[in-house]
Amino acid sequence: MNAMETRTTSALLYLDGVHVSFDGFHAINNLSLTLEPGEMRAIIGPNGAGKTTMMDIITGKTKPDEGEVLFDGVTDLTRLDETRIAELGIGRKFQKPTVFESQTIQDNLLLALNVDHSVRGTLFWRETRDESERIERVLETIRLKDARHKLAGSLSHGQKQWLEIGMLLAQDPKLLLVDEPVAGMTDVETQQTAELLKEINKDKTIMVVEHDMTFVRELGVKVTCLHEGTVLAEGTIDQVSSNERVIEVYLGR
Amino acid sequence: MPHVLTRSLDRSATIFLAVVATIGFLIPLSNLLLPAGSMFQVPTYLVALFGKYVCYAILALSIDLIWGYCGILSLGHGAFFALGGYAMGMYLMRQIGSRGVYGNPVLPDFMVFLNYPELPWYWYGFDMFWFAAVMVLLVPGLLAFCFGWLAFRSRVTGVYLSIITQAMTYALLLAFFRNDFGFGGNNGLTDFKDILGFNVQADGTRAALFLLSCLALIIAFLICRAVVTSKLGKVLIAVRDAESRTRFLGYRVESYKLFVFTLSACMAGVAGALYVPQVGIINPGEFAPGNSIEAVIWVAVGGRGTLIGAALGAVVVNYAKTVFTSGPLAPYWLFMLGALFILVTLLLPKGIMGTFNAWWEPWKAQRISVNAESTALEDGVNVSKPKPAE
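If you read the protein sequences in the order shown, they are chains A and B. 773 is the number that our numbering gives to position 203 of the first sequence; each next residue is one higher, with no gaps. 177 is the number that our numbering gives to position 41 of the second sequence; each next residue is one higher, with no gaps.
Take these hints with a grain of salt, some might be off.
Said to hold, decoys possible - Simulated pairs of lysine-lysine, DSS-like, Cα-Cα distance not exceeding 25 Å: (1) B:Lys500 to A:Lys715; (2) A:Lys720 to B:Lys188; (3) A:Lys744 to A:Lys768.
If you are wondering where the hints come from, they were derived from the structure by calculation, not from laboratory data.
Throw the hints in and build the complete structure from the sequences for me.
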């Protein structure tokens, strides 16, 4: 483990001076951002602002060209791969809902549980009461209890989004990265999702990327607007949405 | 979670095993006990032919385990089959002893012919059956482990992986064709006499080999079922359907692939080892890329991700091959095989077994919903059939 001797920051997630370019295109440009433990942060910004790339960097899918990415003040995420980072306690929900379509909802959650993920552990795995209770609780939270034996592929788009959030819950991470959770949802579902995230935020740190401004307003949390791979504005939703530059590049006049 | 055996054996698995066991006993018995010429007597040449099909069925199972459940399309699995076959062939060669044409007690005929001064070091130990049996598992397993370790760690997937597996088997084909490689060059290994002291040509030995092949098929099937019905099986399907998602959940995908790929290669090796004494020869032709592709077609025809379908597909396609290639249609067999593949892909994308399941499951589900709740709970897990196509 590449743990440093002392924590340099109190933040749960600390990005400083991060650069990434793909074939000369600067996807992330001197990006600095911190997330305090227990915080929920909404990330907005136009297409191509680097929101998803930032999540790729945090979860180890993309390695930054330079810059510092620290988790929990001590762990350098740029040196770890996806599996290690997931094990550390960073969960991710993809922009396009990604669930295991040919398996049941219950099995999807079972796979997501943060238990022994070794080959031997899964080969000789036996269900424990604790695990089934955890699955039960998540099924309750995401309101899919009656559908537990249905294949995930048979769910509606909104339900898949919820199942994926449920998988994040089963994974029980310290930090949740949630990419566009309400894309393609009805107004009622959007409202419910906001409530769900607020509920989850009671004991977990969350970073939400979302385009839906009504939803972001609903969350009522600190907002960061990205543009061309760097932070354009940061503050409350009212501060950010009244910012001249934000209106110019993102919200439109 | 029920015991591993009850978990692995659902109704169709039990039927399949019962059928294999019955065939495994009936065919040798009819061959040995009934008088020759009787209507129900299976002639010895057919026992050997059916034995060959059973070995192919094991190979098909091993391919289905990685392709059907984990999405690894190996187009080089024939290499592991052939390596297992060569390991057995080396044992059989050393059993010939001084009965060879040149009468050398240590060197096999081809080595005398090629003026080998002494037995190459890698032939040491193959005079002992147990050693050869270990090598049957170890050589394909080790190659698969090294190959897989490099490929999976570098995240080589999909068509790229298929291409390098083809390259692997082709490279081995070229190597084994060389006379100075020490495995008999293009003639391969043949003229076997004894296996464990029994004459390989004798009816009794053939019958026993057939029975053993059926037994190996049963064991291989049980291992595959135990793997795919465990939580590991669910992880494999997860890797097949959404690899990066699985990674972000904290699974080390490459370890899973490596495990199942190595296991599969060992199974293919056993299949090859049982195949060689029954057909009486192993030569580099077994490494031909076409063989590996053909084996994948068996699985596609039978139904990917069903295990039973893979075994069934191997037998059906090879029976068809035997029928066609022994008649006037022989020159057209490859066209027919190609047509079969295209037709199955277009008309039965889930293969024979997958199509049967798709038709059978709703009927079964209906019957279960009428029955008790508790059994429905159990079957809900079993209904999770893997998706047949990527």
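### Task
Would you mind confirming whether the straight-line C-alpha gap from Lys744 of chain A to Lys768 of chain A stays at or under 25 Å?
At roughly 15 Å apart (the allowed maximum being 25 Å), Lys768 of chain A and Lys744 of chain A satisfy the hint.
### Query
Holds or violated: Lys720 of chain A with Lys188 of chain B, Cα cutoff 25 Å?
violated (41 Å)
### Query
Keeping to a limit of 25 Å between CA atoms, is the pair of Lys500 of chain B and Lys715 of chain A held or broken?
Holds, because 23 Å separates the two Cα atoms, which is no more than 25 Å.
Of the numbered hints given earlier, the model fails hint 2 alone.
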